[in-house]
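S.K.: Fit chain B with the ligands to the known structure of chain A by using the hints.
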Amino acid sequence: MGQFLPFTKQALKNLFSKPATTQYPFVERVYPERTRGHVDIKNDDCILCGMCMRSCPPGAIKVDRAGKSWSINRFDCIQCGYCVEKCPKKCLSITAGYQEPGPEKFSYKVEVPYEPPKPAAKPANIAAATKEG
Amino acid sequence: MGNRSVVPFGPQHPVLPEPIHLDLVLEDEKVLAAIPSIGFIHRGLESLTNKKDFNEMVYVAERICGICSFMHGMSYCMALEDIMNIEVPRRADYLRTIWGEMSRLHSHLLWLGLLADGFGFEALFMHSWRLREKILDMFEVSTGGRVIFSVNTIGGVLKDMPADMLNDFVRQLDEMEKEIRETTAIFLDDYTVKSRLVDVGIITGEDAIRRGAVGPMMRASGINVDMRKNGYGAYNDIDFEVITSNKCDSYARCEVRIGEIFQSIDIIRQCVAKIPDTEINTKVTGMPNGESIIRVEQPRGEAFYHVRANGTKFLDRFRVRTPTFANIPALTQTLQGCQYGDVPLLVLTIDPCISCTER
Ligand code: SF4
Ligand code: SF4
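These protein sequences, in sequence, are chains A and B.
Those letters in the first sequence? Residues 1 to 133, per the working numbering, in order.
Those letters in the second sequence? Residues 1001 to 1359, per the working numbering, in order.
Just chain A, with the same shape it has in the complex (with noise of 0.2 Å):
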């Protein structure tokens, strides 16, 4: 057909082929591995530092240290996993699955059963520690 109708051909193609899309929601959309979909966080590692709260960028993430908890709202993360880079515990991870969207924004609070060390004992191990050094 050439220079002449040169459609022609893709339409009878597309005519007689399988759809190009996924036939949600009969077949489930898998997501490939890497997929960032939600921040996870394994609250036994967490030690309370604040570091994902001072680094997130649309500031979703609060960490109390007195109340002990660490929060999250993901109506305001941006998956940008820059938080999961900074924790140095490395609780942290973004995994697949997206936050459902919803009538208002709503935080998801995790209670973190961290322990701090014992603040009596610190001042003099610190005081020590700066006279040896």
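Be careful, since some hints might not be right.
[As the list claims (entries may be wrong)] Computed cross-link-like contacts, DSBU-like style, restricted to lysine-lysine with a CA-CA straight-line distance of at most 30 Å:
(1) 13/A - 1178/B
(2) 1052/B - 105/A
(3) 105/A - 86/A
(4) 1178/B - 62/A
(5) 62/A - 1052/B
(6) 89/A - 1051/B
(7) 1194/B - 13/A
(8) 89/A - 1052/B
(9) 62/A - 1283/B
(10) 1313/B - 89/A
(11) 89/A - 42/A
(12) 1178/B - 18/A
(13) 42/A - 1283/B
If you're looking for bench data, these hints aren't it; they were derived computationally from the structure.
M.R.: This is chain B with the ligands only, laid out in the frame that chain A set:
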């Protein structure tokens, strides 16, 4: 002399998802002049540098544009690396080049789709975007994102692509190349498509230079200019010829971009064959102090970055001149003397990205 009238085009117009406004001075159906105005979606990028530190700005820079997001992140990192005298590991350069060329591929396929949509060829629009979808899937596999990739960091990249992933991409691209050739042949050969593109919106090489056009707009007017030839990233190891055309019309701009699709596939192949096995990022310490200018070739043309740092974690200046901004004067030239019905198509031929323009 016919009837003169001024018709406002945009900021809301069916052909563009983004707001640009043109005042079209018409004489009957002929456009005598077009006066552009922009500024509907200014987002205050530069003032954000007062609130976000230079590391967080990587993620902000990425969000300048949804299509060239990788390249914006990369150019910003390149500017900071230049200021801080950081040598990026070679593998990171190659990975950046591969992702950069994948961005070009999907940007040009997107543009072809929009062009087809612009002249009312819906089926062709769908086919171009079907092909583009596969590139987005590759992005998702390699970076975890389809639009915003967040893999750039100052000092390199954050994610590696292992050899089997790279080989798989090349295999997929080989398969796609045939399909892309079939689809793009329609743009180049179809009578109806040609009737909308050939000899429409002519801008000569001289005019293109005078008006400071960039990228495919410039190359379609026969001017050989491509920032990749400056050899950033891995481009100095790669063998490629700048694609130009002397026809100066809309057809030429289509032809140049189609040529670049195949060129990108070839560049990715070369990169995969040559990629060295080194680290992917270097550790960065200290604060930036100094000034840098970076020019990179984005799918739409040359982007220009100016970053000035003052030794604190907040930058002093951060200016970006995106390709669409540079192409608007050339656009007004192409619109002079055209038919009113061709205006949407001509606006599309510069591959406008208004969000980029206004930052
Ligand atoms: S998640 Fe990591 S960075 Fe955040 S407070 Fe816990 S230990 Fe620190
Ligand atoms: S992924 Fe980015 S936006 Fe989301 S919580 Fe982490 S740092 Fe904040």
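S.K.: Compare the structure with each hint and give your call.
M.R.: Results of checking the hints against the structure:
no. : hint           : verdict
1   : 13/A - 1178/B  : holds, 14 Å
2   : 1052/B - 105/A : holds, 23 Å
3   : 105/A - 86/A   : holds, 25 Å
4   : 1178/B - 62/A  : violated, 51 Å
5   : 62/A - 1052/B  : holds, 17 Å
6   : 89/A - 1051/B  : holds, 27 Å
7   : 1194/B - 13/A  : holds, 23 Å
8   : 89/A - 1052/B  : holds, 24 Å
9   : 62/A - 1283/B  : holds, 27 Å
10  : 1313/B - 89/A  : holds, 24 Å
11  : 89/A - 42/A    : holds, 10 Å
12  : 1178/B - 18/A  : holds, 18 Å
13  : 42/A - 1283/B  : holds, 26 Å
Figure legend: structure checked against the earlier numbered hints; the only hint not met is number 4.
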